[in-house]
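Peer 1: One-letter residues, chain by chain:
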Amino acid sequence: MNTIVRAFISIALLVSIPSIALSATQFNRLVWDADPAHQATIGFSPLVISINPYVKYGFDTNEDNWSRVWVTDTQHFQVGLMSHFVRLSGLPANSPVYYRVCDLMGCGQRLWFKTAPEDNSPFVVVAGGDTRTGLWNRRAGNRLISKIRPLFIMHGGDYTNLNTFVEMGVYLADWELTFSDDVINGESYKRIYPFVPTHGNHEDSDYSTLCKVFGVDYNQDGNCDNSDTFGAFNVSPLLRVYTLNSQYKNSGYASYATAMNEWLYSDLATHGGSAAWRMAQYHKPMFPHYTGKSDNKELFDWWADAFYRHSMNVVVESDTHINKLTRAIRPDGDDFVAVDDGGTVYVGEGSWGAPSRSANKPKDWTIDLASIQQFKVIQVAEDELTVRTAQFDNSASSLSREAREADALALPEGVNWWLANEVGDKVILSRTAEQLSLIENGGGAGDGLFVSLALTDDAFVAKNESDRNFDGSSEGLLVDGLDINYGQVFSLMKFDLMNMPSCIDSDSAKLALNITNTSLGSFDIFTANRRWQEENITWDSASGIVGDYVASFTPNSDGMMEIDLGSTGIIQDWLLQGNYGLVIRDHHALDGLDFTSKESGNGAVLKLAFDEQETCEGSDTVEVANQALEKQNFKGEGVKEVVLAITMTSDNDNARLEELAITAGGDFDETQLMAVELYIDENKDGVADPAELSASGTYATDNGELVFVLDSPYYLPEGDTSLLVTYQF
Amino acid sequence: MKLIQKLSLLAMMVLLTACMAEEKVDLNVKLSGVKVTRLSNGDTINVETEGVNSGNLTYTTTVLANQ
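Chains C and S supply the protein sequences, listed in that same order.
Here numbering that gives the first Met the number 0 is used: position 503 in the first sequence is 502, and no number is missing along the way.
Here numbering that gives the first Met the number 0 is used: position 4 in the second sequence is 3, and no number is missing along the way.
Watch out, some of these pointers could steer you wrong.
[Claimed, not checked] These stretches of chain C come out as covered by chain S in the derived footprint (C-beta under 8 Å, 3 or more residues):
no. : stretch
1   : 313-325
2   : 465-474
3   : 506-515
4   : 569-580
5   : 663-670
6   : 703-715
[Claimed, not checked] Below, computed lysine to aspartate or glutamate pairings styled on EDC-like, alpha-carbon distance capped at 20 Å:
no. : chain 1 : residue 1 : chain 2 : residue 2
7   : C       : Lys296    : C       : Asp339
8   : S       : Lys23     : C       : Glu640
9   : C       : Lys630    : S       : Glu22
10  : S       : Lys29     : C       : Glu629
11  : C       : Lys146    : C       : Glu412
[To be verified] Far from chain C, some chain S residues (derived; all Cβ distances over 10 Å):
no. : residue
12  : Lys1
13  : Ile3
14  : Leu8
15  : Leu9
16  : Gly50
Read the hints as simulated data drawn from the structure, not as lab findings.
Just so it is clear, CB atoms sit at the ideal spot from N, CA and C, and this is done for glycine as well.
Only chain C is shown next, with the shape it has when bound in the complex (with noise of 0.2 Å):
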């Protein structure tokens, strides 16, 4: 049953047949606040009513084994969603905790979670936020969580819309698709994650949100007020979680704000610490990356200090739907600056869900930044801390309970990394001696190679005005079914692949558009299938150069977006075969593309990551042989005569000659010769015209070395090319 359907049924019924027993519960959920190798709080909501509910739970499957605990605090959001909670303590570390919800009428679904461990294994988080609308992405996100078996969650706020009971029915049902399947000992259960929510500006409606909807009691004081919004523990020696609410802002919370600022400045100073790495997680940036959003100085001058003198290392961002990755940055004066012996990274910004917004806003210590749907994986062990940003579609392949129970840093394949600038699908941290964060992979090091390859070539060509060159247009790049101005109109592309290595094994390929006229419209990218330059290309001049199909995308949002080209061998076919870019052509649509050009402002990006190999196929391309002379036998002086022919063969046009050489031998005294040149015959009639002249010299010994060294570098065609050598006696 459809989720939104499901949720607002049972909210209804909750609210107007509160009688009916239908069965248990739903909205099964799990938050951390407190000491999570020991303590997690269990909520769930009634289906309609739930008498004497509880939890029963333990450490192995043998439900005999189990306790039973009842609920401890019950919390109503609104008039209709109510919510139990069952708070954990005395828990294992590092230790799965079997449960069931349970009430009069029986017991619900199976459910596992593991608690964090006290001493330093590795573990890997989930950090994101904005899961307020776009309920598709939302669920895809949260299935992929599912796939990656964190061990909790992190989440930055704003989980609905407008704070609604029903939209939170919605949310906490679509929720549930984090849950992972699992067949422990014979029987289903659903892995849980726990999470650890933060306020957004979404739920300032209601600043008791989370501890009404979810039950995090961050202070620890058994009261669900305006201040549970705020605290920190240590997840364990490794990490220290901080939670702040950003919104305390807002008029009329100075008192809160003032409260929590204390607490934050006391706290990382006597517990900051107490843990290897230290993370922070609020909802609005200090710096939106986006010029729609104003900057939060409040935000900055609260804490930008406080987190480099206490050695924060990573601070996950929200609010802007938008994502970006910093350097190690440090406070100067009204703004960050980039440091290279130790900084806080900053990472956001909330596009979990929440349609992506133009992530045109760069600053001078941003790494990248780009409008995707996302959140981020972080790996954190004792000397490294690994982040990387998701983005969600089907091709991640799920990590089983048993993989991850024999790796707790594994992630499972296939996961659409997003690539960043520099540092490619993971930025590494280290620690200096004063803690703070050092980015080790900076310049593209790690597992494989990265690359961010800049256009060299692009251009539009309309059919309306089928002889005119539009490269360095300012309206940048266009792609249209049918345009009232030019008619059909496609653009074309082509990145510098200059230095690349021949051959390589390329892990992923993703093409960078910053969008500015969005469509609704389908969208196709091929290859091109010849050589072009953007300085003449029309749309005469482009018949028939497209090539094979790569990838389709709808450019539904402003702002920097990025096409996985999947068919990666496409770079290898380039650097081999010829570098001939790509096409990009409306599929049907009548709504047109706009993107900018290298002139008009951000051109394409290709991020490519790869791995050089030593040989690949099709690498040779060149071979030279032979040409029959029709004279051997030479007699006068001053007469100029063929004295070399030979045929060299490309079996593409990617290839040009720039440096020929012979050796003389013989009786003959080369010194003698009044010249040698060397000619391509490109009529292949055998003869040395003079207009075919490429080289000259003379041998500086008897029987020495010449180096024909062209002015100009010969481009090879595809097939034969004859080449002479004449002697002038």
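Fit chain S to the supplied structure of chain C, relying on the hints for placement.
Peer 2: Positioned in the frame of chain C, the structure of chain S alone reads:
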């Protein structure tokens, strides 16, 4: 020019021609290397040049017989 002068010049030419001889000198040229690079990335393409040559050639020149 008087007849005697013409005959004298002719005699000298005949004598000179009689003293000239043709000489054949062998030569050959082999391709010892080419530098071919990929347009796409600037990488050098390995091209095998072994065995590419002119074969045996001769150049015939004229020299004085007493030389």
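Peer 1: Indicate, hint by hint, whether the structure satisfies it.
Peer 2: Hints, one by one, checked against the model:
A count of 0 residues in the stretch 313-325 of chain C with a Cβ less than 8 Å from any Cβ of chain S is obtained; the coverage claim is therefore unmet, three being the minimum. Under a criterion of three residues with beta carbons nearer than 8 Å to beta carbons of chain S, the stated coverage of the stretch 465-474 of chain C fails, only 0 such residues being counted. Closer than 8 Å: that is the beta-carbon criterion, and the stretch 506-515 of chain C has 0 residues meeting it against chain S, so the requirement of 3 is violated. Coverage of the stretch 569-580 of chain C by chain S holds in this model, with 5 residues showing a Cβ closer than 8 Å to a Cβ of that chain against a need of three.
Here the stretch 663-670 of chain C counts 6 residues with a CB under 8 Å from a CB of chain S, which clears the bar of 3, and the coverage holds. Counting residues of the stretch 703-715 of chain C whose beta carbon lies closer than 8 Å to any beta carbon of chain S gives 5, which reaches the threshold of three, so the coverage claim holds. Pair hint Lys296/C plus Asp339/C does not hold up; C-alpha atoms about 24 Å apart against a cutoff of 20 Å. Taking the CA atoms of Lys23/S and Glu640/C, the gap is near 16 Å; set against the 20 Å cutoff, the hint holds.
Using a Cα cut-off of 20 Å, the hinted pair Lys630/C and Glu22/S holds, with the two alpha carbons roughly 18 Å apart. Distance check on the hinted pair: Lys29/S and Glu629/C sit about 17 Å apart at the alpha-carbon level, within 20 Å; holds. Between the alpha carbons of Lys146/C and Glu412/C the distance comes to roughly 10 Å, so the proposed pair stays at or under 20 Å and holds. Non-interface status of Lys1/S relative to chain C is upheld: no Cβ of that chain comes within 10 Å, the nearest being about 34 Å off.
Once the 10 Å rule is applied to beta carbons, Ile3/S is consistent with being away from chain C; the minimum gap is 34 Å. Once the 10 Å rule is applied to beta carbons, Leu8/S is consistent with being away from chain C; the minimum gap is 24 Å. At roughly 25 Å, the least C-beta separation between Leu9/S and chain C is larger than 10 Å, which holds for a residue marked as non-interface. Chain C draws Gly50/S into its interface by the beta-carbon criterion, the shortest separation being 8 Å against a cut-off of 10 Å.
The structure shown violates the earlier hints numbered 1, 2, 3, 7, 16.
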